[in-house]
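> Respectively, the protein sequence lines represent chains A and B. Be aware that the first sequence starts at 1, since it is given in the UniProt record's numbering, and climbs by one per residue. Be aware that the second sequence starts at 1, since it is given in the UniProt record's numbering, and climbs by one per residue.
Derived from the structure by calculation, the hints contain no laboratory data. Some hints here could point you the wrong way.
What the hints assert, rightly or not - Which bits of chain A does chain B cover? Going by a derived footprint, with three or more residues having C-beta under 8 Å, they are:
no., region
1, 167-178
2, 190-198
To be verified - Among the chain B residues that face chain A by a calculated CB cut under 8 Å, a handful are:
no., residue
3, F90
4, V111
5, I262
We put the beta carbon where it would ideally sit given N, CA and C, even for glycine.
Take a look at the letters that make up each chain.
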Amino acid sequence: MRAYLFLICPVLLFLGGSYLLPFLGIMQLSFTDPEPGLGQYSHVLSDPLTLSVIWRTLRICVIVTAVSVAAAYIITLLWVRGRPLVRSLTELCIMIPFWISVLSRAFGWMSMLSNRGLLNTWLKDLGLIETSLQLTRNEFAVIIGMSHYLIPFAVFPLATAMRNVDERVLTAADGMGASRMRIFWQVFLPMTASGIMGATLLVFVFSVGFFVTPALLGGGQSVLIAELIYLWIFQIPQWGMAAAMSVILMLAVGGILVLLMRRYGEMAK
Amino acid sequence: MKSEAIVANTTQIEARSVGKKFGKFHALRDISLEIAEGEFLSLLGPSGSGKTTFLTLLGGYENTTSGQLFLEGQDMTGWTANQRGFGMVFQGYALFPHLTVAENIAFPLKVQKRSKAQIADRVAQMVEMVGLSGHENKKPKALSGGQQQRVALARALAYEPKVLLLDEPFSALDKNLRGQMQEELRRLHRELGTTFVFVTHDQEEALALSSRIAIFNHGALQQVGTPDEVYERPANRFTAEFLGDINILTLDGTSGVAGTPIQLPVNAVGLGHLAVRPEHMRLAAEGDANQLPVRLRDRVYLGSKSRLLLETQAGEELMLYLDNGAGPAAPQTGAELRVAWDVQDSFAV
Ligand SMILES: Nc1ncnc2c1ncn2[C@@H]1O[C@H](COP(=O)(O)OP(=O)(O)OP(=O)(O)O)[C@@H](O)[C@H]1O
Ligand SMILES: [Mg+2]
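All chains, please: the whole structure from these sequences, using the hints.
Structure (C-alpha cells):
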C-alpha cells in the first residue's frame with residue numbers, strides 16, 4: 001500500500017501549487033495590506049454596506065438553493081421514473097444547458113426579461129400590461145438566472161438517490177393499500193433524502209461564489225459577495241479588504257459545509 | 001386426490017386456466033388450482049418456472065393475460081393488489097429503510113386509519129409475536145437477516161390479511177436460522193389460521209412445512225398434492241426426479257428390464273420407465289421377487305450408512321443406502337450383486 005503513495009505525489013504538488021500557495025498568499029494579504037493586523041477584518045465586518053451584501057448573498061443563496069433543488073426534484077422524477085418519451089425529452093432539457101456557457105445563459109435571460117425583452121413585448125402585445133415590468137436589475141432576475149444555471153447540478157445526486165430506491169418497497173406500500181400521495185410523501189421522498197441533502201450541499205456551495213449571473217442580471221442593483229470582492233480588487237482597489245472578505249467567505253462556506261455534512265452523515269446511517 | 005383435512009375446508013382461492021405472457025413469452029400457461037382456507041400451500045419448482053409470477057398474479061401485483069381468479073367465489077381477476085388486501089412478504093423483504101421496526105409494522109395500520117392507541121397495541125403485539133421485543137426503535141439496516149425477515153412477516157400479518165403470500169422468504173438466511181424461521185412460520189400458521197402461499201425452491205422446506213405442494217416447471221403446473229402424495233406418487237417423470245433422489249429403469253417392452261423379467265405396478269401400461277426411490281431398494285435376499293443383477297461401481301461411506309452406486313447390465317445407474325451396522329461385510333467395488341424392491345414401492349413414469 002505505502003509503496004503506491006508516491007503515485008499521488010504529482011497531484012498533491014499540483015494542488016499545492018495551484019490552490020494552497022495562492023490561498024496562503026491571500027491569507028497573508030488579508031493580515032498585512034494596507035496595515036499589518038486585524039484591521040482589514042474589523043473594517044470589513046463593521047462596514048454596513050459589506051454586511052448588507054453578506055446578508056443579501058446568504059438570503060439569495062438560500063432561496064436559489066431551495067428553488068433549484070425543488071425544481072430539480074421534479075425534473076429528476078420525470079427523468080428517472082417517467083415514460084420512455086418523457087425520459088428522453090427530460091434528458092435533453094438537462095444536458096443542453098450544460099453545453100451553453102454561463103455568460104450566454106445570463107444574456108439569454110436578459111433578452112427574455114429586460115424592459116424591451118421578449119416577455120414584456122409579448123405581455124404588451126397581448127394588452128395585459130401598459131408599461132414594461134421591471135424584471136431585470138433586481139433580485140428576482142438574479143434568482144431566476146442562478147437557479148437555471150444550478151438545476152442540472154442538483155439533478156445528478158437526486159437521480160442517484162432515486163435510482164437506488166428499491167421498486168419492491170414501493171410495490172409493497174401499494175399492496176398495503178397506501179395511496180399514491182402517501183407513497184410519495186411517506187416512502188419515496190424520505191428514501192431520497194440523502195439525494196436532497198447532497199443536491200442542497202452542492203448547489204449552495206456553488207451559489208455562494210456566483211459572479212457573472214448576479215453581475216449581469218442584477219445590474220449593480222443586487223450586488224453579491226463575489227462581485228463585491230471584484231470591486232475591491234479592480235475598482236477601488238484595496239486588495240487587503242478583498243482578501244479578508246475572501247477568507248470570511250471561505251470560512252462561512254466551510255462552516256456550513258461541515259454542518260450539512262454532519263447531517264448528511266447521520267442520514268446515510 | 002386430496003387429504004381429508006383439506007376436503008373438510010372450503011375453497012378460498014381458485015385459479016381457473018390462468019396464463020401470463022410477457023410479450024410473446026409464456027411465463028405461465030393454463031394453471032388451474034384451488035387453495036383451501038387456512039391451508040399452507042407451497043409453490044415449488046426450478047428457477048424461472050413461474051413461481052414468483054404466479055404469486056404476483058394471486059396478489060394482484062400483475063394482471064393475468066388469460067383465465068380467471070376467484071376469491072371466495074367472487075371473480076377477483078380485475079382487482080388491484082390493494083383491493084385484494086393480501087399480505088405479501090417479498091423476496092428481499094422490501095422493508096421501509098427510513099422507518100424503524102415499529103414504524104414499519106405500523107405503516108399498513110396507518111393506511112387503514114386505525115386509532116393511535118389501536119396501532120400502538122397491535123404493533124406491540126406483533127413485535128412480541130415475532131420475538132423482536134427490544135428492537136422496536138431500530139432501523140432495518142441495524143438488524144440481522146433473520147430479524148429483518150421477522151419484521152417483514154410482522155408487517156404483512158399486522159393488518160390480519162386473509163391470505164399471506166411469501167416469496168422465498170428464507171433464501172437469504174443461513175441453514176440454522178432457516179430452520180428456526182421455518183419452525184416459527186409453522187407456529188404462526190397454526191396459531192393464526194391464515195392461508196399461506198409460500199414460494200420456495202428448497203424441496204426439503206416445502207416437504208416439511210406445507211399441507212400441500214404445487215410443483216411448477218416451465219410455467220406449467222406439474223402436480224398438486226400433499227407432501228407424501230407428491231413424493232410417493234409423482235404424477236410424472238419431472239416431479240419424480242425433481243423431488244428427492246430416484247432410480248429410473250427403462251422398461252424393455254416385454255415386462256422386464258434389460259431382459260430380466262420383473263413385476264410391474266398396475267399403472268405401467270404404455271409407460272416406458274419404472275421408478276423406485278433409493279430408500280425402497282435393497283440388496284436382494286433369498287426369495288425376493290423383483291431381482292435385478294447389477295455391478296457395484298462405487299461405495300460412499302456416510303457414517304451410519306453407505307451409499308452404493310450401482311450399474312445395471314443395460315448401463316443405467318442406480319443408488320441405494322446400506323446400513324453400516326452389524327451384518328455381512330460390505331461388498332467390494334466391482335462386485336456382482338442383485339438388487340430387489342417391493343412392487344408396491346415402484347411406479348411407472
Ligand atoms: N416482468 C417480466 N418481463 C419479462 N419476463 C419476465 C418478467 N417476470 C418474469 N419473467 C420471466 O418469466 C419466467 C418466470 O419467472 P419467475 O420470476 O416467475 O420465476 P421463479 O419461478 O420465481 O424463479 P426463481 O426461483 O428464480 O425466483 C422467467 O423466465 C422470467 O424471465
Ligand atoms: Mg422468484
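> State the violated hints by number, sorted upward, taking the hints as numbered earlier in the document.
5
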